[in-house]
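Participant: Letter by letter, the chains look like this.
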Amino acid sequence: MSSEQQEGRWPDASIAEVAEEPYYLPVGDEVEIFEAAYARQLPVMLKGPTGVGKTRFLRYMAHRLGRPLVTVACHDDLTASDLLGRYLVRGDETVWIDGPLTHAVRTGAICYLDEIVEARKDTTVVIHPLTDDRRRLRLEKTGEVLVAPPEFLLVVSYNPGYQSLMKNLKPSTRQRFVAIDFHFPPPAIETEIVVHETGLDRATAAALVKLAGLIRNLSDSGLDEPASTRLLVYAGHLIRSGVAPRRACELAIAAPITDDPTVQAAVRDLVATVFPA
Amino acid sequence: MQRWLRRLRPGGAATPAAPATPATTALAFTEVEGVLALYVTALSGGALRVMANAGAARGAYTDGRTIFLPPQIDLFPDPADARRLYRVMTAWGVLQATTGYLNAAAGALVDHPGAALALYEALAGEWLDRRLVATWPGLAADLTRLRADALARRDGVEAMTLPEALLRALLTAPLARPLDAAALVEAAARAGLDAATAARLAAVPEALAAPDPAACRALALGLARAVSSPPGAPAPAPVPYRARLRPELLRRPAVAVASEETTATADDRDRQPKPPRATPRGLPIHVEARTPEQLVPRERRPSAGGRQAVQLSIGDREPPVTFQQVPLTAEEKAGAELFDEWDYLRRMYLPEWCAVRLRRPRGGSTEPVERILRQHRPLVTRLKQQFEALRPERLRLTRQLDGDELDLTAIVEDHADRRAGAAPAEKLYSRTLERERNIALGCLVDLSGSTGAWIDDDPRNDQVIEVTRRALVFLCEALTVLDDRYAIFGFTGGTRKRCEITVVKAFDERYGETVKGRIAGLAPGAYTRIGPAVRYTTRALLQQPARVRLLLLISDGRPNDFDGYGGRYGIEDTRRALIEARQQGVATFALTIDAEARDYMPYMFGRSHYVVVEDTPALAVRLADVYRRLTTQ
Chain G
10 MSSEQQEGRW
20 PDASIAEVAE
30 EPYYLPVGDE
40 VEIFEAAYAR
50 QLPVMLKGPT
60 GVGKTRFLRY
70 MAHRLGRPLV
80 TVACHDDLTA
90 SDLLGRYLVR
100 GDETVWIDGP
110 LTHAVRTGAI
120 CYLDEIVEAR
130 KDTTVVIHPL
140 TDDRRRLRLE
150 KTGEVLVAPP
160 EFLLVVSYNP
170 GYQSLMKNLK
180 PSTRQRFVAI
190 DFHFPPPAIE
200 TEIVVHETGL
210 DRATAAALVK
220 LAGLIRNLSD
230 SGLDEPASTR
240 LLVYAGHLIR
250 SGVAPRRACE
260 LAIAAPITDD
270 PTVQAAVRDL
280 VATVFPA
Chain W
2 MQRWLRRLRP
12 GGAATPAAPA
22 TPATTALAFT
32 EVEGVLALYV
42 TALSGGALRV
52 MANAGAARGA
62 YTDGRTIFLP
72 PQIDLFPDPA
82 DARRLYRVMT
92 AWGVLQATTG
102 YLNAAAGALV
112 DHPGAALALY
122 EALAGEWLDR
132 RLVATWPGLA
142 ADLTRLRADA
152 LARRDGVEAM
162 TLPEALLRAL
172 LTAPLARPLD
182 AAALVEAAAR
192 AGLDAATAAR
202 LAAVPEALAA
212 PDPAACRALA
222 LGLARAVSSP
232 PGAPAPAPVP
242 YRARLRPELL
252 RRPAVAVASE
262 ETTATADDRD
272 RQPKPPRATP
282 RGLPIHVEAR
292 TPEQLVPRER
302 RPSAGGRQAV
312 QLSIGDREPP
322 VTFQQVPLTA
332 EEKAGAELFD
342 EWDYLRRMYL
352 PEWCAVRLRR
362 PRGGSTEPVE
372 RILRQHRPLV
382 TRLKQQFEAL
392 RPERLRLTRQ
402 LDGDELDLTA
412 IVEDHADRRA
422 GAAPAEKLYS
432 RTLERERNIA
442 LGCLVDLSGS
452 TGAWIDDDPR
462 NDQVIEVTRR
472 ALVFLCEALT
482 VLDDRYAIFG
492 FTGGTRKRCE
502 ITVVKAFDER
512 YGETVKGRIA
522 GLAPGAYTRI
532 GPAVRYTTRA
542 LLQQPARVRL
552 LLLISDGRPN
562 DFDGYGGRYG
572 IEDTRRALIE
582 ARQQGVATFA
592 LTIDAEARDY
602 MPYMFGRSHY
612 VVVEDTPALA
622 VRLADVYRRL
632 TTQ
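Residue numbers (this note's numbering), protein chains in the order written: chain G, 10 to 286; chain W, 2 to 634.
Since the hints were made in silico from the structure, they are not lab data.
Predicted model only: the values in this text are computed from it and were never measured.
Honestly, I wouldn't trust all of these hints.
Facing chain G, from chain W, some residues (calculated, C-beta under 7 Å) [unchecked claim]:
| id | residue |
| --- | --- |
| 1 | 46 |
| 2 | 88 |
| 3 | 140 |
| 4 | 403 |
| 5 | 407 |
| 6 | 612 |
| 7 | 615 |
| 8 | 618 |
| 9 | 631 |
| 10 | 634 |
Here are the simulated lysine-lysine pairs, DSS-like style, with alpha carbons at most 25 Å apart [stated by the list, open to error]:
| id | chain 1 | residue 1 | chain 2 | residue 2 |
| --- | --- | --- | --- | --- |
| 11 | W | 428 | G | 150 |
| 12 | G | 179 | G | 130 |
| 13 | G | 176 | G | 150 |
| 14 | W | 385 | G | 176 |
Beta-carbon label-pair distances, calculated as ranges [said to hold, decoys possible]:
| id | chain 1 | residue 1 | chain 2 | residue 2 | range |
| --- | --- | --- | --- | --- | --- |
| 15 | W | 187 | G | 268 | 47 to 57 Å |
| 16 | W | 410 | G | 99 | 19 to 29 Å |
| 17 | W | 398 | G | 115 | 25 to 35 Å |
| 18 | G | 142 | W | 379 | 52 to 62 Å |
| 19 | W | 387 | G | 159 | 43 to 53 Å |
| 20 | W | 239 | G | 233 | 33 to 43 Å |
| 21 | W | 633 | G | 183 | 31 to 41 Å |
| 22 | W | 433 | G | 96 | 18 to 28 Å |
| 23 | G | 49 | W | 379 | 55 to 65 Å |
| 24 | W | 375 | G | 210 | 48 to 58 Å |
| 25 | G | 131 | W | 346 | 39 to 49 Å |
Each residue gets a CB set at the ideal place from its N, CA and C atoms; glycine is no exception.
Throw the hints in and build the complete structure from the sequences for me.
Facilitator: See the structure below:
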C-alpha cells in the first residue's frame with residue numbers, strides 16, 4: 010500500500026517529503042542540538058508557546074536531514090490504535106493498516122506528535138518503548154515487534170504555558186526527551202522573519218514586533234497566549250493586502266489572543282500606541 | 002484635528018462662529034483603571050503601575066514606581082478625549098520613569114525649585130515629547146492635539162518669564178520637524194534674556210533630539226543657573242498631559258537607570274526564574290536600601306486607609322528566627338499542629354518550627370453574601386453556565402474504526418447494505434469516552450492585615466478583603482454545578498508560634514448557610530506566613546481521594562511575618578513548601594493583586610503558574626475564571 014493510500018486512513022496525520030527548504034532563521038544552537046540528537050537517536054521535545062516556530066523548525070530539520078516527516082495532530086480522542094494501526098474489515102476479509110507512528114518506524118521517517126499533552130495519557134504510553142534505548146514498537150494485534158531503524162526519530166511538541174491541570178505531561182513521559190526550548194526570537198530576528206514571510210517593509214515589521222513585545226509583557230496578567238510570531242505574520246499579510254495597520258493588528262492580534270473585554274481594550278490601546286491611525 | 006483644535010480655542014481666530022466654552026464631561030479614573038493597569042504593565046514591562054491620587058489633580062507625577070494620575074479628568078466635552086489624555090499621561094509617565102529623565106532631574110533640581118525647575122521641565126518635557134513620538138508613533142496624533150490644547154490653556158498665564166516663553170515656543174513647534182534654534186533664541190530674547198545666554202539656546206535642537214537625556218539636562222541646568230530664581234515665585238501652570246517633577250520624591254540618588262530596551266521586553270522573564278532581588282522591583286529611584294535580613298515587614302499598603310491595618314513598628318520585632326534557634330516549648334506546642342520550616346541560610350529544615358492552630362471562624366449573618374448575590378446575579382448565572390460546560394461527560398462514539406464494543410446498529414446496517422450489493426462499511430465499533438473530573442481544590446486565602454486596606458488607599462473604594470469575599474462567593478456559587486471537592490482556608494498569624502488557619506469551608510462541608518456566614522465574617526488578621534499555611538493545605542489535600550489536587554493561593558503580597566519571615570527568608574520557605582506540595586502531586590497556582598509580584602512569584606510558583614490581577618476589583622471574577630481554565634479537560 011502506498012503512502013498516499015495509507016494517509017487516507019489517518020484522519021489526524023499527514024506525511025510529507027520536505028522537498029523545498031523551508032524558511033527558518035536559527036535563534037541559537039537549536040539546529041546543532043537537533044542534529045546531535047538525531048545522530049545519537051535521542052527523542053526530541055520542542056517546548057514553547059504556540060506560533061513560535063516549532064513546526065517550521067521541524068520541517069526545516071526534516072529537509073536538512075532528508076527524511077520524510079509524519080505529523081500527528083494530537084487530540085483527546087486519539088487512541089493508541091490511531092497511532093499504531095488497526096485491522097479494517099474489507100469485504101469478507103480483514104486488512105491491517107499501519108498507523109502513522111508504525112509507518113514512520115517502518116520507513117525510518119521523523120514522527121512528530123504535535124501538542125502531545127492533548128492526547129490522552131493511555132495513548133501517550135505507547136511511545137514509551139520507542140523512546141528508550143531498545144527503540145522497539147510492539148504491535149499487539151499483529152504480534153509484530155518493530156525495531157526502529159537509525160533514521161527514525163520521535164519528536165513531540167509541548168506548550169508549557171498551557172495551564173490546564175487536566176492536560177499535563179506526566180514526568181515519566183517528559184523525561185524521555187531532549188528538550189529544546191523555543192522562545193520568541195529577539196526583535197531583530199523576529200523582524201527578519203516577518204519581513205521574509207510577508208514581504209512587508211522593515212519599519213512596519215519592526216513595529217509589529219515592538220507591539221508583540223508590549224503585549225507579551227501581559228503574559229502573567231492573564232493573557233492566555235501571548236501574541237505569537239505567527240499572528241504577527243498574519244497581521245503583516247493583511248497590511249500587505251492594503252488593510253490599515255491598526256485594523257490589521259486588531260483583527261489578527263488583539264481579537265485572537267483574548268476574549269476578556271478589558272484585556273482586549275488594553276491591547277487595542279497598545280496597537281494605537283505603536284501604529285498611527 | 003481641525004475640529005478638535007477649534008473646540009479647544011473657543012473664540013480663536015480660526016473659528017469666529019464657534020460657540021462659547023462648551024460644557025465639559027468628567028471621566029473618572031475608575032472607569033479606565035482596568036485598561037490602564039494593563040496598559041502600563043505592557044509599556045513598562047511590569048515595572049510601573051498607575052494609581053489615582055488627589056495630589057495629581059493638577060498634573061500626574063511619578064515616584065519611579067507608581068504613576069499617580071488625576072482621580073478624574075474634566076477638561077473636554079467628549080470623554081473619549083479624556084480617555085486619550087489618560088493614555089498619553091500614562092505613556093508619558095512610563096518614559097519619564099524609564100528613560101533617565103528622572104535621574105537627570107533628581108541630581109540637581111532638588112535644591113533649585115522655581116524658575117530653574119520650570120526651565121528644566123520645559124526643555125526636558127519637549128525632549129520627552131519627542132522621545133514619545135519616536136518610541137510609540139501611534140501616540141503622535143494624540144500628543145499633537147494635546148500640545149495644541151496645552152498651548153491654548155496657557156492664554157491666561159500672564160507673566161512671560163523665560164521658562165514660559167520657551168515652553169510656548171517649544172509647544173508651537175511641530176513634533177515632526179527638528180526644532181528651529183532661531184525661533185527659540187528670539188523667544189528668549191523677547192522674554193528679556195541677555196544675548197550671550199540666549200545664544201546658548203542654539204544647542205537646544207540637537208540636545209533635544211538625542212535619545213539620551215544627558216545633553217538636554219546639561220543644557221537646561223546651564224541655563225537654569227543664568228536665570229534668577231526668586232524663592233517665592235508662583236509655580237508655573239502645568240502642561241496637562243505631562244507628569245510634573247516632584248523633586249521631593251526623588252531625594253535619594255538614583256542607582257541606575259533602566260533603559261527602554263531593558264524594561265520593555267518580556268524576554269528576561271522567559272528565562273529560568275531567579276531568586277528575587279531583596280529590593281522590590283520598580284525603577285531604582287526612590288527605593289530604600291533593604292537587605293533580606295532587614296526585617297521591615299513590607300505590607301503592601303500599610304495602615305493608611307485600612308480599618309484593621311497593623312501598625313508595623315520596629316519595636317515589636319523579634320530577632321531573626323535564624324539567630325534564635327530555640328525550639329518551641331511544650332506550652333507553645335500545646336494544641337497545635339506542627340510544621341517544619343525551611344531555613345535557606347543554613348540549607349536545612351528547622352523541625353517542628355511552626356505551630357498552626359485552627360481559628361474559630363467568625364460566623365454570623367449571611368446577609369453580606371446574599372447582598373453580593375443580589376448585586377451580581379447576572380454574573381453568577383454566567384459563571385454557573387460556564388462551569389456547567391466543565392461537567393464530566395460520557396460520550397458514546399458510534400461507527401468507529403476501532404473500539405471497545407461492536408456497534409450493532411452499524412453491523413446490521415452493513416449486513417443489509419452488503420446483501421444489497423453496496424460497498425462494505427469499515428466502521429463497525431463503538432466506544433465510550435470517559436471524562437471524569439475527580440478534582441480536589443484547596444483554596445488558601447491570605448487574611449493578613451493588609452487585606453483590610455482600601456483599594457488604592459482610597460476609602461471610597463472597597464477593602465481588599467471585600468473583593469476576596471466576593472471572589473469566594475462567586476467560586477462557591479459556580480462550583481455548585483460541579484462535584485469537585487473543595488475546601489477554603491484562610492490564613493494569618495503572628496510569629497511562628499501563632500500561625501492561624503480559619504476553616505471557612507472543610508472538604509466535607511456543604512456550601513450553605515454556615516459557610517456563607519463564615520465567608521461573610523472573614524476579617525483581616527495580622528501577618529502572611531505562607532509556608533505553614535501551604536503545608537497545612539497540602540496535607541489536607543493529600544487526605545482527599547482525587548486524581549487531580551490543586552492548591553490555589555489568593556494573596557495580596559509577599560510572605561511576611563514579624564519574626565524574621567520577611568524578605569528572602571519567607572520567600573525561600575514558601576518556595577520550599579510549594580515544591581514539597583508539587584513533589585507530592587499537588588498542583589500549585591496563585592492569584593495575586595501585588596503589583597510587585599513578578600519579582601517573586603515566578604521563583605515561588607514557577608513561570609505561568611500564577612496570575613497577577615492588575616485591577617484589584619477584577620479579582621472577584623478572575624478566581625472562578627482561573628479555576629475554570631485550570632480544570633478544563
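Participant: Hint by hint, note whether the structure agrees.
Facilitator: Each hint, compared with the structure:
Hint status for residue 46/W: holds, given a least beta-carbon distance of 5 Å to chain G, under 7 Å. Annotation: interface hint on residue 88/W holds; nearest CB of chain G at approximately 6 Å, less than 7 Å. Contact between residue 140/W and chain G, as hinted, is supported at the beta carbon level, the nearest pair being about 6 Å apart and thus within 7 Å. The beta carbon of residue 403/W comes within 4 Å of a beta carbon in chain G, closer than 7 Å, and the hint placing it at the interface holds.
The beta carbon of residue 407/W is not positioned within 7 Å of any beta carbon in chain G (closest approach about 11 Å), and the interface hint is therefore violated. Hint status for residue 612/W relative to chain G: holds, with the closest Cβ pair at about 5 Å, below 7 Å. Satisfaction of the interface hint for residue 615/W is found here, the shortest Cβ-Cβ separation to chain G being roughly 5 Å, below the 7 Å cut-off. Taken as an interface hint, residue 618/W does not check out: its beta carbon lies about 11 Å from the nearest beta carbon of chain G, beyond 7 Å.
A least Cβ separation of about 5 Å between residue 631/W and chain G falls short of the 7 Å threshold, and the interface hint therefore holds. For residue 634/W, the interface hint holds, since its Cβ comes within 7 Å of a Cβ in chain G; the closest pair sits about 5 Å apart. Only pairs whose Cα atoms come within 25 Å are accepted, and residue 428/W paired with residue 150/G is accepted, the gap being roughly 17 Å. Note on residue 179/G and residue 130/G: the hinted pairing holds, with a Cα-Cα distance of about 8 Å set against a maximum of 25 Å.
Between residue 176/G and residue 150/G the alpha-carbon distance is near 29 Å, which puts this suggested pair outside the 25 Å criterion. This hinted pair checks out: residue 385/W and residue 176/G have alpha carbons roughly 23 Å apart, not beyond 25 Å. For residue 187/W and residue 268/G, the Cβ-Cβ distance of about 56 Å falls inside the hinted range of 47 to 57 Å, so the restraint holds. As the Cβ distance of residue 410/W to residue 99/G is approximately 20 Å, the hint placing it in 19 to 29 Å holds.
Roughly 28 Å separates the CB atoms of residue 398/W and residue 115/G, a value that falls within the hinted 25 to 35 Å. The supplied range of 52 to 62 Å is met by residue 142/G and residue 379/W, whose beta-carbon atoms lie about 59 Å from each other. Taken as a hint, the range 43 to 53 Å holds for the pair residue 387/W and residue 159/G, whose Cβ atoms sit roughly 50 Å apart. Range check, residue 239/W to residue 233/G: Cβ separation about 40 Å, and the 33 to 43 Å hint holds.
Under the hint 31 to 41 Å, the C-beta atoms of residue 633/W and residue 183/G, about 21 Å apart, miss the expected range. For the pair residue 433/W and residue 96/G, the beta carbons lie near 21 Å from each other, so the given range of 18 to 28 Å is met. Checked against the given bound of 55 to 65 Å, the beta carbons of residue 49/G and residue 379/W, roughly 59 Å apart, stay inside it. Between residue 375/W and residue 210/G, the C-beta spacing of about 56 Å keeps the proposed range 48 to 58 Å intact.
With their beta carbons about 46 Å apart, residue 131/G and residue 346/W fall inside the hinted range of 39 to 49 Å.
The structure fails to meet hints 5, 8, 13, 21 from the earlier list, while all remaining hints are met.
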